[in-house]
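A.B. asks: Residues per chain are reported as follows:
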Amino acid sequence: MSTTVPKKITLRTADNHEFEVDEAVAMELGTVKTFFDENPDATDEPIPLPNVSSKCLSTIIEYCKFHLSLRARGNDSSSAEEEGKVYDEELIKTHDNESLVELILAVNYLNIKDMLDTLNQGVADRIKNKSVEYVRRFFGIENDYTPEEEAEIRAQYEWAFEGVDPDDD
Amino acid sequence: MKNGLDFLNLLNCDVSLKILTNLEDPSDLVRFSAVSRSWRQFVIADFMSFQWFVVIENGLLKHLCRRMFPQLSRVDHVNELCGTAKGHAEAGSSNFMEWEALKREHRIYAFFARGCLSFAPRECIYEAIIASSTDNDPEEGIHNTLEPRDRVARRASYWSSKGQSNPAVPETLTYRLCADLCVITEINVRPFQGNNCFNFLLTWFHLSSIWFYINLKIF
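These protein sequences, in sequence, are chains A and B. Per full-length UniProt numbering, residue 1 is the first one in the first sequence, and the count goes up by one each step. Per full-length UniProt numbering, residue 1 is the first one in the second sequence, and the count goes up by one each step.
Calculated from the structure, these hints are not laboratory results. Keep in mind the model is a prediction, meaning the values are calculated, not measured. Glycine residues also receive a C-beta, built at the ideal position from the N, C-alpha and C atoms. Mixed in with the good hints, there may be bad ones.
What the hints assert, rightly or not - Where chain B lies over chain A, by a calculated footprint (3+ residues, C-beta under 8 Å):
#	segment
1	113-125
2	146-157
3	160-166
Please model the entire structure based on the sequences and the hints provided.
C.D. replies: In structure tokens form, the structure reads like this:
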């Protein structure tokens, strides 16, 4: 007789907060689902998520709950799709650059494909037509070119550096 | 990310790749290759990992160009006419050669995207080179065909061949285009309207390796 998976699952974040969620919500997190698939006998102890902060996890749980409820509505697809889009846009809008990147890292670790796609598009929209300096700050990238090398690339592709949006950070 | 973590190093490459493939403007990809070395390698070679010898062969810019211009998927490979001698000292390493080839592709597709996206419609013909025959040179010379007006200095402006008794014998006009790569959207041909002239039956156009013809209706 195999142990039935508990209806509620507890997740513990890096900063030691515990979140109790419905099994269906937890199964939206690919990493958690894989854990249960591989350990069907797992006890109901909290699952540690060492790469996820409580701030990110609460956003992620909200997202999963919302999209689960949309899917549960089934065939009423066009309005559900529209609502989903509005929700996703709002999600991007309410995060500044830094927290968006932090969220991507968490969602990537938890392996939630749809949410990751949404966030990726959000990031791409924020860096498109931006200056090189802006993109460096956005991602915290250290410029490891020598000034000569960078000047060479800029000279070679001068046209790509013209007419970028002003940095708004 | 104030602690200077490199985002692309933290994410697996799949994610970074997806972010960058969401970009729709080639100039973004070209510009972001100046962000840092790892970004450059990433943009050019879309790396499996940041050890640059693990190269998969498709560049991001090439992919974007192919999405924008599906006709390009028929292109097998591209090459530059100059600058290939660079770096032969290290030719022993096939990874090095592969990387050089990817950089070359990146340059070419950047050039191509730039060419295709930045042109404003304008004359493609740089000069008229030669006509197979001219009745009265220069009054009826080929240079007149570049003149959009019908009359110049109170004279009709046109080119006329010497004429052939056999209508199957072709006459040709040869022009040089203003660049190695031109996107031709329109060709204007105006048959001369007047007395005592014999107009052509069929016009062929030959663009380097492409031949096509247009049947002209003459009213």
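A.B. asks: What are the numbers of the hints that this structure violates, sorted from low to high?
C.D. replies: none
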